[in-house]
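Protein chains in written order, with the numbering used here: chain A, 263 to 317; chain B, 8 to 397.
Because the hints were derived from the structure by calculation, they are not lab data.
Hints are supplied without guarantee of correctness; some may be wrong.
[To be verified] When the alpha-carbon atoms are kept at most 27 Å apart in a straight line, the in silico DSS-like pairs for lysine-lysine are as follows:
1. Lys232/B with Lys299/A
2. Lys299/A with Lys133/B
3. Lys314/B with Lys340/B
4. Lys314/B with Lys139/B
5. Lys294/A with Lys348/B
6. Lys178/B with Lys299/A
7. Lys308/B with Lys294/A
8. Lys299/A with Lys41/B
9. Lys56/B with Lys299/A
10. Lys117/B with Lys308/B
11. Lys117/B with Lys178/B
12. Lys137/B with Lys299/A
13. Lys337/B with Lys379/B
14. Lys117/B with Lys133/B
15. Lys337/B with Lys325/B
16. Lys294/A with Lys133/B
17. Lys308/B with Lys334/B
18. Lys340/B with Lys387/B
19. Lys340/B with Lys178/B
20. Lys340/B with Lys294/A
21. Lys232/B with Lys294/A
22. Lys139/B with Lys299/A
23. Lys379/B with Lys56/B
24. Lys294/A with Lys41/B
25. Lys142/B with Lys299/A
26. Lys314/B with Lys294/A
27. Lys340/B with Lys139/B
28. Lys41/B with Lys196/B
29. Lys56/B with Lys139/B
30. Lys294/A with Lys237/B
[As the list claims (entries may be wrong)] Partial pick of chain A residues on the chain B-facing surface, computed with a CB cut under 8 Å:
31. Gly272
32. Ile280
33. Leu288
34. Val289
35. Gly304
36. Pro311
It should be emphasised that the depicted structure is a prediction, and the values quoted were computed from it without experimental measurement.
Ideal Cβ placement from N, Cα and C applies to all residues, glycine included.
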Amino acid sequence: MVSVNRERCGYCGACVGICPSTALELVELHLKIYDEKCVNCGLCIRICPMGALEV
Amino acid sequence: MEYDAVVIGAGPSGSFCAKTMAEGGLRVLLVEKKQEIGAPVRCAEGVGKEDFLELVDVDRRWISVEIEGAVIYAPDGTKITMSREHSGNEVGYVLERKIFDRHLAEEAAKAGAEIMVKTRAIGLLKEGNKIKGVKLSRMGEIFEVESNLVIGADGVESLVGRWAGINTALKPNDVESCAQYLVKGIDVKPYCEFYLGSRFAPGGYAWVFPKGRDMANVGLGVLGKYSGEKKPIEYLNEFLEFRCPEAKVVELIVGAVPVAMPVEPMVADGLMLVGDAAHLADPITGGGILNGMDSGRIAGKVAIEAKRRDDFSAGFLKRYEKEFMEKHGKIFKRNYFIKEKLMGMSDEEISEIFRALKDVNIEDLSVFGLIKEMFRKNPKILFELRKYFL
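Take these sequences, add in the hints, and give me the full structure.
Here it is as structure tokens:
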């Protein structure tokens with residue numbers, strides 16, 4: 263499952279835009295991850311400009 | 008609560024759409040999930056002057072700098088300067104988006120739109136396939152708002168379109184992952200600087216956009232396809248060291264920019280997507296403000312007509328998509344094609360072209376003017392390009 267390092271996250275929504283399964287949502291300065299929707303494709307980890315996401 | 012239209016997202020596209028609809032007599036609700044409109048910025052803030060002036064009357068309060076030209080650096084450092092110094096006209100502006108975005112929201116309010124901040128859309132209300140409104144969440148309170156029409160202006164992280172069955176997920180080849188510092192203590196002229204090549208920004212470019220006095224937005228975008236272990240923030244730190252090691256960082260922003268073809272379809276029954284939510288940033292420059300605002304304006308006009316006829320079907324709203332594509336579609340196709348060609352060129356190929364062009368004075372100060380020059384020696388690409396100009 264993907265997890266976010268909240269201290270690195272720049273809350274930009276890049277990961278939300280690329281996620282093919284709507285498993286992510288940006289709520290103001292907070293990234294919500296819906297584990298049950300995640301398909302483990304890793305695109306969010308790749309696109310993150312800050313390197314804040316990891317498996 | 009009942010409205011004629013609910014706009015999700017108070018960026019330039021959403022606010023401009025809300026303003027257009029409110030001026031046309033519609034009861035409009037503009038919803039912003041953040042508690043503050045305009046921040047964080049997520050933008051390099053550059054706009055072309057001519058197109059911008061067609062949309063708004065310029066107010067000094069939200070202009071950081073008037074731009075006189077552009078300097079573009081090839082991977083080997085060869086530079087091309089494009090300016091209109093002979094005509095004496097400024098060619099663009101770098102905006103102060105925090106003030107600009109707020110101004111557009113105020114304009115929407117002045118025209119009669121209601122605004123809710125710190126309020127987020129969490130789903131659509133449907134009756135069968137027909138949209139009846141939106142479900143909103145504010146500080147833990149969940150409530151429903153009825154509306155025949157929903158405008159998705161919720162940016163690159165858009166979910167509104169997906170709720171209506173439009174697949175807006177970006178592909179790694181069609182999105183730039185960006186990082187930017189606002190710096191103080193940089194030596195800049197009123198020119199926008201662009202740096203090409205894989206050293207600074209693989210599949211994208213690095214930029215320096217002046218923000219007044221000794222300040223500038225210094226940033227870059229890396230194509231999603233090439234974004235991997237090394238993150239844009241690391242590329243940015245290296246670029247900062249190269250361009251202005253003495254400068255001091257006063258702000259960091261990150262974001263993603265669609266460099267894609269417009270989403271298809273841009274509408275569904277009772278729903279229209281505008282701005283970045285519909286992937287309307289320019290595929291070469293990544294500039295999204297002008298296309299976004301124009302999409303908001305056109306969608307707003309169509310919404311007024313839809314209300315008059317009481318027809319909010321996808322079939323009618325398709326007029327928005329049609330009008331937007333008639334005006335901008337050709338440029339999208341052309342610029343997307345050029346983006347793909349540029350991605351296929353090596354650093355050395357780009358440098359070679361720049362060396363050949365070094366002494367050419369490019370009067371036509373558009374990205375396109377330069378592109379035409381770049382491909383002049385490649386008849387095959389030039390031939391393909393021709394079809395986008397006829």
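Hint check, failures only: Going through the list in order, the structure violates hints 3, 5, 7, 9, 11, 14, 20, 26, 27, 28, 29 and 35 and respects the others.
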